[in-house]
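Enquirer: Sequence:
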Amino acid sequence: MNRFYVTTPIYYVNDIPHVGTAYTTIVVDALRRFHKLIGDESRMLTGTDEHGLKLERQAHEEGKTPQAFVDEMAERFRQAWPVLDIENDDFIRTTEPRHKAFVQDLWRRIEERGDLYEGEYEDWYCVGCESYKTEKELLPGNLCPIHAKPVERVKEKTFFFRLSRWEKPLLDFYERNPSFVEPASRRNEVISFVSSGLRDLSVSRTSFTWGIPVPNRPEHVMYVWFDALTNYLTALGKEGDPLRRYWPPSGRAVHVVGKDILRFHAIYWPAFLLAAGFTEKELPSQVFAHGFLTVDGQKMSKSLRNAVDPLRLARELGPDTLRYYLLRAIAFGQDGDFSHTALIERYNADLGKNLGNLLSRTLGLCVKFSDGKTPPAGEVGPLERELAEAASTASAAARAAWDELAPHRALEATWTLSSAANAYVDKAAPWASAKAGDMVRTHTILANLLEALRQLSVMIWPAMPKKSDGLRAQLGLAPLAPKAGEDLWPKGFTPRPAGEPLALAAALFPTIDKDAEAALLTKLAPHVHGAPAAEAPAAAAPAAPQAAGEAPAPINYDTFLGVDLRVGYVKTAERVPRKDKLLKLAVDLGEAEPRTIIAGLALSFKPEDLVGRKIIVVANLEPRSFGKGLVSQGMLMATGPSEALHLATVEGDPPPGSRLK
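Going by full-length UniProt numbering, 553 is the number at position 553 of the sequence shown; the sequence numbering is gapless.
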C-alpha cells in the first residue's frame with residue numbers, strides 16, 4: 001500500500017494566520033484528501049515554530065514571558081484550520097517536550113559523527129528571517145532582501161555545522177534525484193547556490209536564551225532553523241515507532257514550503273540528516289516551493305491595511321469558495337495575486353454558472369421527466385460516447401495533476417467535464433425528445449448527465465469537501481468515506497441503476513448579483529472598495545471611487561503641505577513578469593535620474609500607451625519593495641476600477657518635476 005506524508009512549514013507565531021498561510025495549508029490539505037481518495041495511507045502535519053530572538057523580543061515588548069506569548073499565538077493557528085475544513089492529522093509545536101527530546105537526540109548524532117565544532121561568528125543578522133546574511137545578499141543600506149529592514153551586526157560564540165563538507169554530496173544527490181526540488185526553476189536556484197560554495201553554518205546562539213538548549217552546553221541554544229526543520233521527523237517518532245512508516249523509504253514525504261524558506265529545506269535539512277547518519281533513501285521525497293501572494297497587486301502590509309483574513313472570508317462565502325479560488329486561480333509554484341473581485345467573478349463563472357447550473361438543470365429535468373428518480377439508461381449514441389470520452393480524459397488529467405502537486409491544473413481538468421456536460425445537455429436537448437414523446441431517449445440523456453455529476457462530486461472533493469457532500473446529497477448519494485486501500489477516483493462511465501431517489505434542493509452555488517457583489521466587496525475589502533483613495537496607493541492597485549456621501553477625515557494644512565505632488569514624464573514602461581496587473585515605469589521628475597514606479601495599470605493600459613504621458617506623482621513616499629529587487633520610488637495618481645483607470649494629469653506643458661500647489 002502506498003503511503004503519503006505531506007507537511008506545511010511550521011508557522012512562525014509572530015503574527016496571526018493570514019491568506020498566505022491559509023493558502024499553503026489548504027493546498028496541503030487538498031493533497032492529503034486526494035491521496036486518501038485514491039486509497040493511499042495519508043498523513044498531514046502542520047504546526048507552529050515557537051523559538052528565536054524575534055519571538056523573545058516580541059514577548060518582552062508585550063510584557064509576557066516567551067512561553068505565555070507562544071501559547072496564546074499557537075492556539076490561534078490551531079483553531080483557524082478547522083474553519084477552513086482543514087483536517088491535519090497532527091499539530092506540532094516546537095516547545096513540546098517530544099520535540100525538544102528529538103532535536104537534542106539529532107544534535108548528539110551529528111556531534112558524535114564530527115560535524116559540529118565550536119567557534120565564534122560575526123556577520124549581519126536579520127531578526128525577521130532568523131538567519132545571517134552575507135554582504136552580497138543585502139540591499140543598499142544594509143537591508144534584508146526579504147523584509148526590506150536593516151540587519152544587525154552580531155558577534156557571538158557558536159557551534160558550527162560543517163555544511164561545507166556536504167557540498168558535493170548534495171550536488172550528487174540533486175543530480176540523482178531531479179524531482180527532489182520542484183518546480184524546476186527553484187531546483188536551478190538551489191543547485192546554483194550550492195555550486196557557488198557552501199560555508200559552515202552557525203547552528204547555536206549565545207546572545208539570547210529562548211530556544212532548545214544544546215546538550216551539555218546550556219549557555220548555547222540551538223539555531224531556530226536546526227530546531228524547526230526537525231519537526232517533520234519529531235511528529236513521526238523514533239525508528240520503530242508505527243508512524244515512521246510514512247517516512248522514506250517506506251513512504252513518500254513531501255514538504256510544501258514558500259520560496260523564501262526553500263534554502264533551509266532543500267540544503268540545510270538534507271545536510272543535517274546526512275550528517276546524522278541517514279542515507280539518501282531516508283531523505284524527504286520532495287520539497288515543493290510555491291510563490292508569494294500579493295493582494296490586489298500589492299504586498300500585504302499593515303500600513304496598507306490590506307491583509308486578508310481567510311477566516312472572515314470563510315464565514316462570509318463558505319470555506320469551499322475560498323479553497324476553490326486559491327487552488328484554481330493560482331498556478332501552484334508561481335507567484336499569485338489575491339483579488340476579492342476575481343474571487344467573486346470565478347465563483348459566479350465556475351461554480352454558479354457552470355457546475356451549479358449543470359446540477360440545477362439536470363435535477364429539474366429529472367423531476368419533470370423521471371419523477372425525481374434516476375432514469376433507466378438506454379442505448380448510447382455519438383453524443384454519449386463523446387461525453388464518456390470527455391469524462392475519461394478529465395479524470396485521468398486531474399488525477400495526474402493532483403499527483404504532480406498541481407492543484408490548479410487538476411481543477412482546470414475537472415471543469416472540462418462540467419463544461420462538456422453542459423454542452424452535452426444543450427446538444428442532446430432532452431426537452432425536445434420528451435416533447436416528441438421519446439422518453440427512452442430523454443431518460444438516457446438524463447442518466448448520462450447524472451453520471452457526469454456523480455464523477456464531478458468525487459473529483460471536487462479534495463478542493464471542496466463540503467460542497468462535494470452537498471452535491472452528492474442532491475444526487476441521492478452518501479458522502480464520500482475514503483478508506484486505505486480503496487481507490488474511489490472515477491473509472492469508466494456507467495450510469496446508475498434506475499429508480500434511485502434524487503433530492504432537488506436549494507441552489508448549491510447561488511450566483512452573486514452586482515448589488516450583492518458591491519456590498520460584499522465593501523465589507524470584505526474596504527481598503528480598496530469604498531475607502532478614500534489616499535488610503536489605497538495607486539502605486540500598485542488604485543482604489544475604486546469613493547462612495548457618494550462618504551467624506552474622509554479632515555487633515556490640517558501642515559499635513560497637506562507635507563504631500564509632495566509633482567509632474568512626472570513617463571520615459572519608459574514595461575510589464576512586470578508574472579504580475580498581471582503591474583507595470584514598471586521610468587518617470588522623469590526633473591531629477592538626475594528617472595524614478596522607478598511600480599503601478600497597477602496593466603489592466604487599463606498597454607506599456608506603449610503610457611510613454612510620453614504626463615502624470616501626477618506623490619514624490620515623497622517611502623520606497624516600497626515588491627520583491628526580487630523591484631522597488632517603487634513614488635506613487636502615481638489615478639481613479640476608477642483597475643480595468644478602466646483614468647490617470648490624473650495637468651494642462652499645458654509644465655516641465656517634469658513641477659510641484660503642484
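The set of hints was computed from the structure by calculation and includes no laboratory data. These numbers come from a predicted model, not from an experiment. A few of these clues could be false.
[Said to hold, decoys possible] Here are the simulated lysine to any residue pairs, SDA-like style, with alpha carbons at most 25 Å apart:
| hint | residue 1 | residue 2 |
| --- | --- | --- |
| 1 | 64 | 16 |
| 2 | 584 | 239 |
| 3 | 238 | 3 |
| 4 | 281 | 491 |
| 5 | 353 | 307 |
| 6 | 149 | 491 |
| 7 | 483 | 441 |
| 8 | 281 | 392 |
| 9 | 353 | 392 |
| 10 | 491 | 111 |
| 11 | 281 | 389 |
| 12 | 54 | 98 |
Enquirer: Please work out if residue 281 and residue 392 have their alpha carbons no farther apart than 25 Å.
Expert: Distance ~35 Å between residue 281 and residue 392 Cα, so the pair is violated.
Enquirer: With a cut-off of 25 Å on the C-alpha distance, tell me whether residue 483 and residue 441 pass.
Expert: Roughly 37 Å between the alpha carbons, so the hint for residue 483 and residue 441 is violated.
Enquirer: Tell me if the straight-line CA distance from residue 64 to residue 16 falls inside 25 Å.
Expert: 17 Å, holds
Enquirer: Take a quick look at whether residue 149 and residue 491 sit within 25 Å of each other, Cα to Cα.
Expert: Violated. Residue 149 to residue 491 sits at ~54 Å, over the 25 Å cutoff.
Enquirer: Hey, residue 491 versus residue 111, does the alpha-carbon distance stay inside 25 Å?
Expert: 53 Å, violated
Enquirer: Is it true that the CA of residue 353 sits at most 25 Å from the CA of residue 392?
Expert: Since the Cα atoms of residue 353 and residue 392 sit roughly 23 Å apart, the hinted pair holds (cutoff 25 Å).
Enquirer: For residue 281 and residue 491, compute the direct alpha-carbon distance and say whether it is at most 25 Å.
Expert: Roughly 33 Å between the alpha carbons, so the hint for residue 281 and residue 491 is violated.
Enquirer: Has the given pair, residue 281 with residue 389, been kept, meaning a C-alpha gap of at most 25 Å?
Expert: 40 Å, violated
Enquirer: Are the Cα positions of residue 238 and residue 3 separated by 25 Å at most?
Expert: Roughly 18 Å between the alpha carbons, so the hint for residue 238 and residue 3 holds.
Enquirer: Given the hinted pair residue 353 and residue 307, is their alpha-carbon gap at most 25 Å?
Expert: 29 Å, violated
Enquirer: Compare the distance between the alpha carbons of residue 54 and residue 98 with 25 Å, and conclude whether the hinted pair is satisfied.
Expert: 23 Å, holds
Enquirer: Measure nothing beyond the straight line between the CA atoms of residue 584 and residue 239; if it is 25 Å or shorter, mark the hint as holding.
Expert: Roughly 54 Å between the alpha carbons, so the hint for residue 584 and residue 239 is violated.
Of the hints listed earlier, those the structure fails to meet are numbers 2, 4, 5, 6, 7, 8, 10 and 11, in rising order.
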